[in-house]
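Participant: Protein chains in written order, with UniProt numbering: chain E, 1 to 659; chain V, 1 to 659.
Hints in this document: simulated from the structure, not taken from any laboratory.
Some hints here could point you the wrong way.
You can't tell identical chains apart in this list, so a pair holds if it fits in one copy or across any two.
List of simulated lysine-lysine pairs, DSBU-like, C-alpha gap at most 35 Å [unchecked claim]:
{"hint": "1", "residue 1": "Lys398", "residue 2": "Lys597"}
{"hint": "2", "residue 1": "Lys268", "residue 2": "Lys589"}
{"hint": "3", "residue 1": "Lys34", "residue 2": "Lys613"}
{"hint": "4", "residue 1": "Lys83", "residue 2": "Lys215"}
{"hint": "5", "residue 1": "Lys518", "residue 2": "Lys597"}
{"hint": "6", "residue 1": "Lys83", "residue 2": "Lys38"}
{"hint": "7", "residue 1": "Lys615", "residue 2": "Lys39"}
{"hint": "8", "residue 1": "Lys215", "residue 2": "Lys59"}
{"hint": "9", "residue 1": "Lys330", "residue 2": "Lys297"}
{"hint": "10", "residue 1": "Lys518", "residue 2": "Lys454"}
{"hint": "11", "residue 1": "Lys308", "residue 2": "Lys38"}
{"hint": "12", "residue 1": "Lys556", "residue 2": "Lys215"}
{"hint": "13", "residue 1": "Lys308", "residue 2": "Lys613"}
{"hint": "14", "residue 1": "Lys31", "residue 2": "Lys268"}
{"hint": "15", "residue 1": "Lys39", "residue 2": "Lys266"}
{"hint": "16", "residue 1": "Lys589", "residue 2": "Lys398"}
{"hint": "17", "residue 1": "Lys34", "residue 2": "Lys308"}
{"hint": "18", "residue 1": "Lys297", "residue 2": "Lys34"}
{"hint": "19", "residue 1": "Lys613", "residue 2": "Lys39"}
{"hint": "20", "residue 1": "Lys38", "residue 2": "Lys215"}
{"hint": "21", "residue 1": "Lys307", "residue 2": "Lys34"}
Protein chains: 2
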Amino acid sequence: MSNAAKNMYPSMNGESITYRVAIPPPQPFLKSLKNIIKKTLFPDDPMLRQFKNQPPARKLILALQYIFPILEWGPRYSFEFLKSDLIAGITIASLAIPQGISYAKLANLPPILGLYSSFVPPLVYAIMGSSRDLAVGTVAVASLLTASMLGREVNASENPTLYLHLAFTATFFAGVFQAALGIVRLGFIVDFLSHATIVGFMAGAATVVCLQQLKGILGLDHFTHETDIVSVMRSVFTQTHQWRWESAVLGCCFLFYLLLARFFSKKKPWLFWISAMAPLTSVILGSLLVYLTHAEKHGVQVIGHLKKGLNPPSVANLAFESSYLSTTIKTGTVTGVIALAEGIAVGRSFAMFKNYHIDGNKEMIAFGMMNIVGSCTSCYLTTGPFSRSAVNFNAGCKTAASNIVMAFTVMLTLLFLTPLFHYTPIVVLASIIIAAMLGLIDYEAAIHLWQVDKFDFFVCISAYVGVVFGSVEIGLVIAVALSLLRVLLFVARPRTLVLGNIPDTKIYRNVNQYPNTKNVPGVLILEIDAPIYFANSSYLRERLSRWIDEEEDKLKSSGESSLQYIILDMSAVGNIDTSGISMLQEFKKNIDRRGLKLALANPGEEVMKKLNKAKVIETIGQEWIFLTVGEAVGACNFMLHTFNPLPATDETDKWSNNV
Amino acid sequence: MSNAAKNMYPSMNGESITYRVAIPPPQPFLKSLKNIIKKTLFPDDPMLRQFKNQPPARKLILALQYIFPILEWGPRYSFEFLKSDLIAGITIASLAIPQGISYAKLANLPPILGLYSSFVPPLVYAIMGSSRDLAVGTVAVASLLTASMLGREVNASENPTLYLHLAFTATFFAGVFQAALGIVRLGFIVDFLSHATIVGFMAGAATVVCLQQLKGILGLDHFTHETDIVSVMRSVFTQTHQWRWESAVLGCCFLFYLLLARFFSKKKPWLFWISAMAPLTSVILGSLLVYLTHAEKHGVQVIGHLKKGLNPPSVANLAFESSYLSTTIKTGTVTGVIALAEGIAVGRSFAMFKNYHIDGNKEMIAFGMMNIVGSCTSCYLTTGPFSRSAVNFNAGCKTAASNIVMAFTVMLTLLFLTPLFHYTPIVVLASIIIAAMLGLIDYEAAIHLWQVDKFDFFVCISAYVGVVFGSVEIGLVIAVALSLLRVLLFVARPRTLVLGNIPDTKIYRNVNQYPNTKNVPGVLILEIDAPIYFANSSYLRERLSRWIDEEEDKLKSSGESSLQYIILDMSAVGNIDTSGISMLQEFKKNIDRRGLKLALANPGEEVMKKLNKAKVIETIGQEWIFLTVGEAVGACNFMLHTFNPLPATDETDKWSNNV
């Protein structure tokens, strides 16, 4: 065997071994379909793994434990756990009571609904949920969305009963939608809300919620039903004569107190309880102040009468009449998705932190059931809010039992303590909401986005501007559309890179990234950086041709030897469709017409399978498909030197040594 | 330097040279923004290349030549070219006249519009278009779409004048939309109609158009305005008593003749003129037959009076009243996109074949101008139909002058020959349409799709079923949505591969594709096959953890040495966003918590840039980022052997030799 022939298929040991790119054996259609569906819908393969090789009785227990995780952790529950969960549960209850009342006001619902919603749903979640750290409750953004979407149809102050019934119905649909997503395992649509979208959206929603609190802080009676900043500002500044200074002063004092408490808790994490208790302290202090000074007669609005007793049933109140059906379904779907996104993200973060596993689709079913049951027991939309779960985590919760403790604390409040809230000033609730919302405006994350990825920053700002100047839905739609556009553009405009040889190695890399790479004379090496799909096949056809044109122009002007080989590095081409295959075939024809030769390097499994089925491998020739770029270059050089023998200059010597 | 240390950074020559993954220098924001916009919107970089380093006068000439390509090829026009273009032009005119009349009938427009539309638009295209082979004319699918979309608003037989004006207006909007797409360089949206979509859509549209011809063939007076197969069949079979056998017999005879002509032309390409002339021959034969037998009095419908004379101006007829504005804009946009897709694809195919370049965006401006001018001169929507362009190409056209020849032939017809079409039977036109449409049902392409790519086949069939059972728009929307879903799923569910060592090399490849690869003890090598974006970061986080779990389980059960290193091959990761970066950071934390070590291999330019900005490189440690998987494995083995010295078995010996 000649030295040159050895070069063609070099090996580390100097022996000539031919490694060919394998063509995967064809798979039966149904089997590959099953694989694709399994990967798409059951990415975490939850049931199948633990169910393997188990007797039927054990399988039943496992199935019940899968559906009701309490059966799994309940029997192992210890007194140690109870101590931790008791402390955590009481802590989050002290947060849940004032926040619940505040957010119910934000949703234009009776304040007592906030307490109802902190009683039944946490119990349901404790039975069905798989997160150990999630604390269930209502959230500001979903409350605001409910108010703004239902408010368009029914005025909450003119027709409170109908409005209430629509809110229950929307909650019911949100639950059904959440559970359905989980059951058909389409939970991954939540992933399409990117981090950047959520940062911008949350900050925008927080801004909007804060603006809404101006009503409470300034003690205004009339207020716009719009949420955008222009309408709110117009509403505020057209009624300057209605502003109540007593209310505003009280509000600012409590806001200052709440922010101070958060500041200390942030400085020293073990002081978390200062921040966690601050809202309840504010409510108690505010109520005492009003009770003692009779401030309710001097322009400070109070909550007023709260009915004693547990959640009344509300199944009969679900309103499925056709006239409001589309509104409630739409509200339920949108708020359901938003609530899911927050709840799932919170659950996953803490699970990642404590290194246990959460099945997103299963969580969705738990959230869905919690809202379906909630809608039948006078609750509105609940999820796992980040702030409350963080308090739960910091307070040292061990299992979902902390939710049960919270629920019982709220139950006691409902049974015995509601009259105490009669004098609670609304302005204190507004302060609590503002303090909570300011924590959601994550400007540091926005700065980080700007530094790392300008496009993500643009998505984030679009979501913010859309929410603040348009509406919550507009902001969300803009941000999701932009994020999807980015994914599509990545595929529609893939990068094509020219590769060069890293001196004294067989490695070929992007010449832009590694400026010390060297061209291989007579050979142009191109890499495609994305799957070849219909969306980019026209672009790639033209772009690849242009690379060749440019290379030929360059060689002509510098008087070097002309181009003879084109090597396409397919390592990063994950897949190819029929449009892409047509493109490759046309590209091959085009290259033949120019008198050049095409070689492929390292096509992957899927690509080889399709090229084989479409008989492109025969067109290109299997001997022109190589395992690495280095081997392809070796073969090209071998051919160049065999059929166009050049004088043995340093250059060619180097080549025969290296390859 | 010890032998082990040499292994850490092996080189081909046995010398120890460290090649590090380069961190690209940060680019100014505006520069990278400019690059992205340029790549997205000016992928073919059309103007800038030829304009470089030219004096201003030359630049002006080049700009004019760019806008009006006739200035470029006109001066070089020769008698040889004229001879070829004359033959081609007359050939396509003989096809254009009967087809134009037929398609105008299909659009429920006066037949004479078909002739008008073959006069002005080809002249505009000859001046502004850059394809040498494209023949301009009306197309069946766009005609049908016009009829069905406008027909929903206005009944063409009850209010023909309004209908006509709306058709002009829709054409105007189609032109404006096409030109606008070209000017803002968004031409790439046409690429989102994949090959599979077009095959299914065209076949569906052809089926629908054929079904519509049952009206003409059976000589029915009343017919449904719906296009779906159910409505049409109901319409046909509820009026069996109205069927006219004379008409049906005549239609079948001509259809047989036309199909026979096409059959011969297909067998022998030089017989193309038989097929090209067949429609005109049919029209002449049919008209003579009716004239001689007075068949128009026995149930054979004829075209009737056609006005002599050239296109009347129709600027004054454009209807911009608000009541029909949304309909005309919608019709214009949809038909405009469909027409563009066909025209651009045809132009590109022939350009690729003759190896010249076409600027898609520039073509769009030419199409747009052609339709804007057309809508002001009594023409309706025109594009570059495939069938007519193929005839033009086969007839040996050299430049766009063949369009001018066709236009003048049609002009002569308009001026002198229109009375001859008085007795042309409608059933002959129906046969011509059916014959043309049957050629669009490309069942071979559908079979090819099934063999190569099942998903593409599914898209194709969905488009077909959507068009045939729903409507043309429904089919289109379904197919485009499915195609986009596939692109999104590719990113949302990327493949993660385990790599193994190909024996006796430093090459690491997918263990599924190369079954003879070997695992590296203590090291798990994973490859991610797509960019890491928000849409897949949650999935990847869980999937990567699961790979590690599974590998650890496997090692535990087989009693092998435990896992120590995870190598992520980033070669195929084209880009990463902030969600992806968070995922990597969490993955790194997770790996640290398990007591494992993470190494990256070959991250690309974009990825390194972002990892650097987000300071992830510092977290991972730059010494743990390698140029190739081989080097990463080498380093891992070096560490394994240095810090956990194993007895020198065959296994370890092999490793120190190979790496």
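Participant: Indicate, hint by hint, whether the structure satisfies it.
Facilitator: Each hint tested on the structure:
| no. | hint | in the structure |
| --- | --- | --- |
| 1 | Lys398 x Lys597 | between (66 Å within a copy, 29 Å between copies) |
| 2 | Lys268 x Lys589 | between (69 Å within a copy, 23 Å between copies) |
| 3 | Lys34 x Lys613 | within (20 Å within a copy, 41 Å between copies) |
| 4 | Lys83 x Lys215 | neither (42 Å within a copy, 83 Å between copies) |
| 5 | Lys518 x Lys597 | both (21 Å within a copy, 33 Å between copies) |
| 6 | Lys83 x Lys38 | neither (42 Å within a copy, 63 Å between copies) |
| 7 | Lys615 x Lys39 | both (28 Å within a copy, 32 Å between copies) |
| 8 | Lys215 x Lys59 | neither (57 Å within a copy, 64 Å between copies) |
| 9 | Lys330 x Lys297 | neither (41 Å within a copy, 60 Å between copies) |
| 10 | Lys518 x Lys454 | within (32 Å within a copy, 42 Å between copies) |
| 11 | Lys308 x Lys38 | neither (50 Å within a copy, 67 Å between copies) |
| 12 | Lys556 x Lys215 | neither (75 Å within a copy, 63 Å between copies) |
| 13 | Lys308 x Lys613 | neither (73 Å within a copy, 56 Å between copies) |
| 14 | Lys31 x Lys268 | neither (56 Å within a copy, 44 Å between copies) |
| 15 | Lys39 x Lys266 | neither (41 Å within a copy, 46 Å between copies) |
| 16 | Lys589 x Lys398 | between (66 Å within a copy, 22 Å between copies) |
| 17 | Lys34 x Lys308 | neither (55 Å within a copy, 65 Å between copies) |
| 18 | Lys297 x Lys34 | neither (70 Å within a copy, 63 Å between copies) |
| 19 | Lys613 x Lys39 | both (23 Å within a copy, 33 Å between copies) |
| 20 | Lys38 x Lys215 | neither (51 Å within a copy, 49 Å between copies) |
| 21 | Lys307 x Lys34 | neither (55 Å within a copy, 63 Å between copies) |
Hint compliance for this structure: hints 4, 6, 8, 9, 11, 12, 13, 14, 15, 17, 18, 20 and 21 are broken, all remaining hints hold.
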